[in-house]
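*Asks:* Given the sequences, and given the hints that come with them, work out the whole structure.
There are 2 protein chains.
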Amino acid sequence: MADFIYVALAGGVGGAKMAHGLAQVLQPEQLAVVVNTADDFTHLGLRISPDLDTVCYTLAGEADASRGWGRKNETWNVFNRIKQLGMPDWFQLGDADLATHLFRTASLEQGKPLSQVTRDLCRMMGVALQVLPMSDDLIQTHIFTSEGELGFQEYFVHRKCNPEVKAIKFVGIESSQPAPGVLEAIRAADAVIFCPSNPWVSIDPILSVPGIKKAIEGKFVLAVSPIIGSETVKGPAAKMFAEMGIPASALAVAEHFGNILTCLMIDKQDEVLQEKINTLGIQTYSSDILMRDEADRGRLAMEIIEYIKGWESAIQ
Amino acid sequence: MADFIYVALAGGVGGAKMAHGLAQVLQPEQLAVVVNTADDFTHLGLRISPDLDTVCYTLAGEADASRGWGRKNETWNVFNRIKQLGMPDWFQLGDADLATHLFRTASLEQGKPLSQVTRDLCRMMGVALQVLPMSDDLIQTHIFTSEGELGFQEYFVHRKCNPEVKAIKFVGIESSQPAPGVLEAIRAADAVIFCPSNPWVSIDPILSVPGIKKAIEGKFVLAVSPIIGSETVKGPAAKMFAEMGIPASALAVAEHFGNILTCLMIDKQDEVLQEKINTLGIQTYSSDILMRDEADRGRLAMEIIEYIKGWESAIQ
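First to last, the protein sequences are chains A and B.
Residue numbers for the first sequence follow the working numbering, so the first one is 132 and each next one is one higher.
Residue numbers for the second sequence follow the working numbering, so the first one is 132 and each next one is one higher.
Since the hints were made in silico from the structure, they are not lab data.
Be a bit skeptical, because a hint or two may be false.
If several chains are the same, the list does not tell them apart, and a pair holds so long as it fits within one copy or across any two.
Said to hold, decoys possible - Below, in silico cross-link-like pairs of lysine-lysine (DSSO-like), each with a Cα-Cα straight-line distance of 30 angstroms or less:
#1 Lys243 - Lys291
#2 Lys345 - Lys407
#3 Lys365 - Lys407
#4 Lys407 - Lys243
*Replies:* Next comes the structure, spelled out in structure tokens:
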């Protein structure tokens, strides 16, 4: 049996950790990571792709684990001067991180598509597996809140997710196309893994790019629940479920994605929900899904791969 | 007699030193500095105004005197990463300098004119006198050389002024306008001072913005020669004269500017040229015009001011 091929859909930190785990147990040619780019924005004239950077820095071993974003051993000389000059300081920019943004901004202005820029950055950082932006087109998540319509980073970083979410829109998505390689990677894949990223603002944008959901349907799809108990490990996913009128739980995640899922991987503490999830036509697999450290990432990835391989051999 | 009002036209290092000298001996409201912006360019997506930055950093006491460009106590963290990522490294970007470029780029993208951005930067750096870009419009010096047409920074920094100059063009200048305040400052001035900047690529662009030369004509205009003997202190001015078929000298400077000049300030070693310059209808004043240190700047500025005041009271 030839090695399986996998596609992982990822947002920021949770997605990056899961992708890093998968990279530990798979060969680079066995895995493509499709990354949400609807968080992308332009700040101080720089084109910033927060999720792509988090995924790439994490895969390169260059992410700052304690801070949860940006690069390790980072310095802040430009940012300190930015503050002195009275420029907006709500989005922190490390010196080496800035070089990434300058590279991306200049490359895009030269007419290179984001997928090519991402490939160049991965090559320079020694990331061997395929990291693909969901689209080369600019798509921007807008959050409609109790305090008006906010760009995603404005909501997420500047306003610290405080405003109550009423609705979410991915501006520009209807006319967007998957980046080159995305549909090809999905079609070639034996299984698709939804990393434990925010369903509303990380996985949904990827699935909403015309053609991607259709390419995934019928594949073996395993999602790792971003909700444990009624909480999320990081970010506003649980708060968003609640504000959308849905109690946050692994069951809510299963209902959110619906029958595109073959299996939902849930935490052991949520085993009580297995039966309800199964009645949706979705398998469950329970484990310790919290990734506390790098060893946890690899261990969880190995469980996922073994589960998928076992299921595939069972039906063959 | 009320205090005189002065306008200085300036390019990069020589212009900045002279402006700094004038700032030492004049009140801020007595001096406006109009700065060449035809060296401006976009690099790695950043809008860079080398002459404006050199003038502002120098006036703020933040310029690096030994290097001759950029800021003192500068660090290079972003630039080191830029090199690691394989981006162009022929134009060096210090960390704090980068913050200036980010501020300018973001402000311009928000629709602020360059003159407003410059005013904001001056305020933040504590520069009290008026520093005006010659124009808010993008004007770009192109150098036609033995090796083809080059953008100014490409010629000046990347190619180190090596290609032989055949012709110089200020692209976009015909349709440009003086920045707000420029004509007003010239009209209000008792005298205009051409700093010892490159006649070809620093002073000529300023004089070529429609309306500026006409506003200056008839004023008392004193130029400080950027040529001492047959050499320039810094930059390619002497080389440009030679390649244009004109032996570089203070006389060549006088002939270059012609009778817009009331007086050319020359170095003592060029006193032999006084008679020939005078026959052009241009006064001469000879002194030690080399600015070796900050004290030289103030001393030279004081001599200029006293010469102008003496001339004005003589004709009244």
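*Asks:* The structure should be examined with respect to each hint, and the outcome stated for every one.
*Replies:* Evaluation of the provided hints:
1. Within a single copy, lysine 243 and lysine 291 get their C-alpha atoms only as close as 33 angstroms, which misses the 30 angstroms cut-off; across copies the closest is 29 angstroms, which meets it.
2. When the C-alpha separation of lysine 345 and lysine 407 is checked against a cutoff of 30 angstroms, the pair qualifies only within one copy, where the shortest distance is 26 angstroms, while the shortest distance between copies is 84 angstroms.
3. In this assembly of identical chains, the alpha carbons of lysine 365 and lysine 407 lie at most 30 angstroms apart only when taken from the same copy (25 angstroms versus 79 angstroms across copies).
4. For a Cα distance limit of 30 angstroms, the shortest separation of lysine 407 from lysine 243 qualifies neither inside one copy, at 47 angstroms, nor across copies, at 58 angstroms.
Checked against the numbered hints listed earlier, the structure breaks hint 4 alone; every other hint is satisfied.
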